Amino acid sequence: MSSHQTAQTMKPATAAKKLGVYLPATPAAFQEGVVSRADLTELQANPPEWLRELQANGPHPRPVVAAKLGVSIAGLARGGVTEPLTTEQIEELKREQPEWLEKERATQAEVRKETARLKNLKREKESGQG
1 MSSHQTAQTM KPATAAKKLG VYLPATPAAF QEGVVSRADL TELQANPPEW LRELQANGPH
61 PRPVVAAKLG VSIAGLARGG VTEPLTTEQI EELKREQPEW LEKERATQAE VRKETARLKN
121 LKREKESGQG
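Residue 86 in the working numbering sits at position 86 of the sequence shown, and the numbers go up by one each step.
It should be emphasised that the hints constitute simulated quantities derived from the structure, not laboratory data.
Every value quoted in this text rests on a predicted model; they were computed, and no experiment measured them.
Even for Gly, the Cβ is constructed at its ideal location relative to N, Cα and C.
Be aware that one or more of the hints could be misleading.
Stated by the list, open to error - Below, a list of computed lysine-lysine pairs in the DSBU-like style, where the Cα atoms sit at most 35 Å apart:
#  : residue 1 : residue 2
1  : K18       : K94
2  : K113      : K103
3  : K125      : K113
4  : K103      : K17
5  : K68       : K119
6  : K113      : K94
7  : K94       : K17
8  : K103      : K68
9  : K18       : K122
10 : K17       : K119
11 : K18       : K113
12 : K103      : K122
13 : K18       : K119
14 : K103      : K119
15 : K94       : K11
16 : K94       : K68
17 : K68       : K113
18 : K68       : K17
19 : K122      : K68
20 : K94       : K119
21 : K68       : K11
22 : K103      : K125
23 : K113      : K17
24 : K122      : K17
25 : K68       : K18
26 : K18       : K103
Stated by the list, open to error - Simulated restraints on C-beta separations:
#  : residue 1 : residue 2 : range
27 : A56       : K113      : 27 to 33 Å
28 : N120      : A29       : 44 to 50 Å
29 : E83       : K113      : 29 to 35 Å
30 : S127      : G33       : 35 to 41 Å
Could you build all of it, start to finish, from the sequences and the hints given here?
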């Protein structure tokens with residue numbers, strides 16, 4: 001029995017998530033193939049034109065849309081945003097500042113503040129016991 005090392009591969013959906021792109025907007029060859037870790041590293045280091053275009057202009061998947069707007073994915077849903085958005089649509093939302101977006105940004109800011117407070121509290125406890 002010979003043991004040979006096989007390259008780890010991932011589904012296109014996983015690779016698209018790691019690249020921060022919306023899978024249905026990628027080329028058919030990408031959607032239908034498998035992506036090795038080496039392929040992913042190469043795509044990240046030297047993105048082809050289609051990948052640069054998608055990362056710059058979208059459509060973007062919900063996690064990217066949420067990050068660009070400074071809200072959570074659940075906040076997007078509460079705001080009625082369920083579809084991928086282009087960079088242009090995201091910028092338009094930022095300009096318009098709808099009420100839901102202001103509210104969700106405030107909520108996200110509170111969550112970040114509370115997370116930081118708990119992290120500091122934990123750090124103080126750990127340093128006090130050492």
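Going down the list of hints, with the structure as the test:
Proximity of K18 to K94 is assessed by CA-CA distance (about 25 Å); at most 35 Å being required, the pair is judged to hold. Taking the CA atoms of K113 and K103, the gap is about 15 Å. The hint holds against a cut of 35 Å. A hinted pair counts as satisfied when its Cα atoms are at most 35 Å apart, and K125 with K113 qualifies at roughly 18 Å. Restraint check: the Cα-Cα separation between K103 and K17 comes to about 27 Å, which is no more than 35 Å; the hinted pair holds.
With a C-alpha separation of about 24 Å, the suggested pair K68 and K119 falls inside the 35 Å cut-off, and the hint holds. Taking the CA atoms of K113 and K94, the gap is about 22 Å. The hint holds against a cut of 35 Å. Distance check on the hinted pair: K94 and K17 sit about 24 Å apart at the alpha-carbon level, within 35 Å; holds. Between the alpha carbons of K103 and K68 the distance comes to roughly 15 Å, so the proposed pair stays at or under 35 Å and holds.
A threshold of 35 Å between alpha carbons decides the hint, and for K18 with K122 the separation of about 31 Å falls inside it, so the pair holds. As the CA atoms of K17 and K119 are separated by approximately 28 Å, the hinted pair is consistent with the 35 Å bound. Only pairs whose Cα atoms come within 35 Å are accepted, and K18 paired with K113 is accepted, the gap being roughly 27 Å. Taken as a hint, the K103 and K122 pair is honoured in the structure, with Cα atoms around 29 Å apart against an allowance of 35 Å.
At most 35 Å may separate the alpha-carbon atoms for a hinted pair to count; K18 and K119 meet this at roughly 27 Å. For the hint pairing K103 with K119, the CA-to-CA distance comes to about 24 Å; that is within 35 Å, so the pair holds. A C-alpha spacing of about 33 Å is found between K94 and K11, which places the hinted pair at or below 35 Å, so the restraint holds. Among the hinted pairs, K94 with K68 is consistent with the structure: their alpha-carbon atoms are about 9 Å apart, no more than 35 Å.
For the hint pairing K68 with K113, the CA-to-CA distance comes to about 19 Å; that is within 35 Å, so the pair holds. Of the supplied pair hints, the one linking K68 and K17 holds, its CA atoms being roughly 15 Å apart against a limit of 35 Å. Distance restraint check for K122 and K68: the Cα-Cα separation of roughly 30 Å lies within the 35 Å cut-off, and the hinted pair is therefore satisfied. Between K94 and K119, the direct Cα distance comes to roughly 30 Å. Compliance with the 35 Å bound is thereby established for this hinted pair.
The suggested pairing of K68 with K11 holds, with an alpha-carbon distance near 25 Å, which does not exceed 35 Å. For the hint pairing K103 with K125, the CA-to-CA distance comes to about 33 Å; that is within 35 Å, so the pair holds. Distance check on the hinted pair: K113 and K17 sit about 27 Å apart at the alpha-carbon level, within 35 Å; holds. Of the supplied pair hints, the one linking K122 and K17 holds, its CA atoms being roughly 32 Å apart against a limit of 35 Å.
A distance of roughly 16 Å separates the Cα atoms of K68 and K18; the hinted pair therefore holds under the 35 Å criterion. For the hint pairing K18 with K103, the CA-to-CA distance comes to about 29 Å; that is within 35 Å, so the pair holds. The hinted range of 27 to 33 Å is satisfied by A56 and K113, whose Cβ atoms lie roughly 31 Å apart. Our hint of 44 to 50 Å for N120 and A29 holds, since their Cβ atoms are close to 48 Å apart.
As the Cβ distance of E83 to K113 is approximately 30 Å, the hint placing it in 29 to 35 Å holds. Checked against the hint of 35 to 41 Å, the pair S127 and G33 fails, with Cβ atoms roughly 50 Å apart.
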